[in-house]
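Enquirer: This is what each chain is made of:
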Amino acid sequence: MNAALTIAKREIRTYFNSPIAYIVLTVFLLLAGYLFFGSLFIERQAELRSYFNLMPLLLAFIVPAMAMRLISEEKGSGSLEMLITMPVRDWQVIVGKFLAGMALLATLVGLTLLYGVTVMAVGPLDKGPAIGGYLGILLMGGAYMAIGVMASTFTRNQIVAFIIGFAISFALYLFYRLLPFTPESIRPVLAYLSVESHFEGISRGIIDSRDIVYYLSVMVVSLVIATVTLESRKWR
Amino acid sequence: MPELMIQVENLTKVYGATRAVDDVTFNVRKGEVLGFLGPNGAGKSTTMKMLTCYLAPSGGRAKVAGFDVFDDSLEVRKHLGYLPEDTPLYKDMTVLEYLQFAAAMRGMAADRSEKRIKEIGGRCGLHDVAGKLIGELSRGYRQRAGLAQAMLDDPDILILDEPTSGLDPNQIVEIRKLIKEVGQEKTVILSTHILPEVQATCSRILIISSGKLVADGTPDDLRAREKGCRYRLLVEANGTTQDAIKTRLGSIKGVSRCETTLGEDGAYAFTLDAAADEDLRKILFRAAVENKWTLLELHRESASLETVFRNLTTKEEVKS
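Residue numbers (our numbering), protein chains in the order written: chain A, 115 to 350; chain B, 3 to 322.
Honestly, the hints are just simulated from the structure, not real lab data. Backbone N, C-alpha and C define an ideal beta-carbon position, used for all residues, glycine too. Misleading hints may appear alongside valid ones.
Rough simulated footprint, nothing fancy, chain B against chain A, three-plus residues with beta-carbon under 8 angstroms [said to hold, decoys possible]:
no., stretch
1, 116-125
2, 128-137
3, 320-332
4, 336-349
Listed next, the in silico DSSO-like pairs over lysine-lysine satisfying Cα-Cα at most 27 angstroms (straight line) [said to hold, decoys possible]:
no., chain 1, residue 1, chain 2, residue 2
5, B, Lys93, A, Lys123
6, B, Lys214, B, Lys120
7, A, Lys189, B, Lys93
8, B, Lys188, A, Lys123
9, B, Lys214, A, Lys123
10, A, Lys348, B, Lys214
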């Protein structure tokens with residue numbers, strides 16, 4: 115685990131030593147701020163719902179951008195060879211990279227706690243949905259991040275990694291939107307696979323273990339596939 | 003610690019239809035500096051990648067420090083320092099940060115890592131650039147940083163893929179000296195296609211060509227394999243024509259080939275190839291005296307490693 119944390123630490127430093135982190139933060143805060151303050155000033159509603167409601171879509175776009183470089187950049191530059199010939203297990207590399215991505219995501223979400231504070235200043239804050247919403251964002255973001263890390267192990271090209279990560283994340287998001295147009299028989303399956311259906315409950319303040327299990331499963335499955343992909347160089 | 007630090011048996015790596023490494027077997031003892039020699043694309047790097055557990059062998063087995071590279075890869079990597087080709091370091095870190103990162107990855111205790119970084123940094127001449135970003139370093143310094151990283155945890159085995167490529171002559175001399183020093187107590191494998199390099203640093207040479215091991219021995223062993231030696235003469239003709247001298251030299255018993263090369267003012271230069279079992283220098287001297295040529299230079303040399311290398315590696319290509 116130590117090796118994973120060492121990798122995570124290095125990765126976080128790289129994020130904040132380069133423009134990536136700041137670009138992603140700016141874009142995200144601009145969009146989220148527009149959505150949040152729009153409802154605050156125009157609709158005169160002191161609540162976070164409109165901010166949370168757009169998170170499944172917004173994160174499906176932002177998170178793959180944060181994750182795309184994690185493995186593919188090292189594959190491209192060759193430094194991956196240096197990294198995995200050190201005494202480190204392949205899963206530690208993947209987990210370290212994932213944790214670094216999560217640290218960036220947490221920073222980003224942490225900055226939007228300010229919206230909660232703003233709401234509290236102008237009216238009573240509904241605590242349940244607020245706590246649930248922020249937790250939901252981290253869980254959903256974690257699922258997207260794991261998918262992004264997985265996509266990043268597939269290729270040495272960061273743009274390709276982004277497109278793969280975004281396509282998978284967006285598909286999981288879209289399942290929910292497509293429900294009305296799908297046959298009755300596969301509807302429960304699609305609803306279960308959809309990222310958004312699980313987010314809905316949490317962002318209303320209902321923390322259901324089934325939703326948490328769903329997000330954790332997506333993370334575990336994606337990270338396992340990522341590890342296997344990294345190990346595939348050793349297949350005979 | 004086993005005396006045999008690296009044991010390779012019938013190691014094979016297949017990429018699709020090509021056999022990048024084909025049934026290679028060799029051992030490396032402790033304290034040996036092994037030079038891995040071969041033309042570009044011969045399979046040197048692939049072999050090293052298998053020894054460092056980056057790639058898995060398609061066939062055969064390899065043991066490093068007594069551990070199998072496939073089954074015990076973590077143990078193998080703990081005993082190993084590796085410098086890949088082209089030194090792919092993280093460009094956004096300073097040299098010091100990078101070495102600290104490498105020490106943490108290897109699980110070195112804080113006080114030991116600080117001591118080792120100082121020591122190795124000094125030996126590799128990195129003190130002046132410790133605070134500089136690796137991306138801003140010259141090729142030579144980057145190479146040294148990579149070497150420092152490989153030696154950081156005082157590994158029993160060092161595997162260096164073209165450690166001196168891209169360095170200037172002074173840096174090459176320094177790095178070779180460093181490798182020789184390290185090689186006295188450790189085991190070093192280095193790959194190169196620069197021949198003087200192996201002669202200067204290695205106690206043993208493996209020559210690999212299109213994936214196959216074609217020679218294994220000390221530099222002297224390998225030179226001895228190539229029969230025949232070469233004489234260089236510089237002769238002042240004193241009235242004789244160049245062709246006459248050439249005919250006379252060519253007729254000496256044992257000379258297989260006589261060629262004129264670029265001479266000096268008023269003097270002709272010749273190169274003779276002959277069998278190595280008899281020293282022709284006396285005969286050549288007498289021939290010169292008899293014919294009243296003035297012998298300005300006479301030099302005998304045994305086959306160079308270059309000849310050995312060229313013969314071994316080109317023969318293979320023709321066969322395959």
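Enquirer: Would you mind marking each hint as holding or not holding in the structure?
Expert: Quick rundown of the hints versus the structure:
1. Counting residues of the stretch 116-125 of chain A whose C-beta sits closer than 8 angstroms to any C-beta of chain B gives 5, which meets the bar of three, so the coverage hint holds.
2. Beta-carbon proximity to chain B at under 8 angstroms applies to 3 residues in the stretch 128-137 of chain A; the threshold of 3 is reached and the given coverage holds.
3. With 0 residues having a Cβ less than 8 angstroms from any Cβ of chain B, the stretch 320-332 of chain A misses the three-residue criterion, and the hint is violated.
4. Counting residues of the stretch 336-349 of chain A whose C-beta sits closer than 8 angstroms to any C-beta of chain B gives 3, which meets the bar of three, so the coverage hint holds.
5. Only pairs whose Cα atoms come within 27 angstroms are accepted, and B/Lys93 paired with A/Lys123 is accepted, the gap being roughly 16 angstroms.
6. Restraint check: the Cα-Cα separation between B/Lys214 and B/Lys120 comes to about 41 angstroms, which exceeds 27 angstroms; the hinted pair is violated.
7. Taking the CA atoms of A/Lys189 and B/Lys93, the gap is about 14 angstroms. The hint holds against a cut of 27 angstroms.
8. Restraint check for B/Lys188 and A/Lys123: not satisfied, since their Cα atoms lie roughly 32 angstroms apart, outside the 27 angstroms limit.
9. A C-alpha spacing of about 43 angstroms is found between B/Lys214 and A/Lys123, which places the hinted pair above 27 angstroms, so the restraint is violated.
10. For the suggested pair A/Lys348 and B/Lys214, the alpha carbons sit about 21 angstroms apart, so the restraint of at most 27 angstroms is met.
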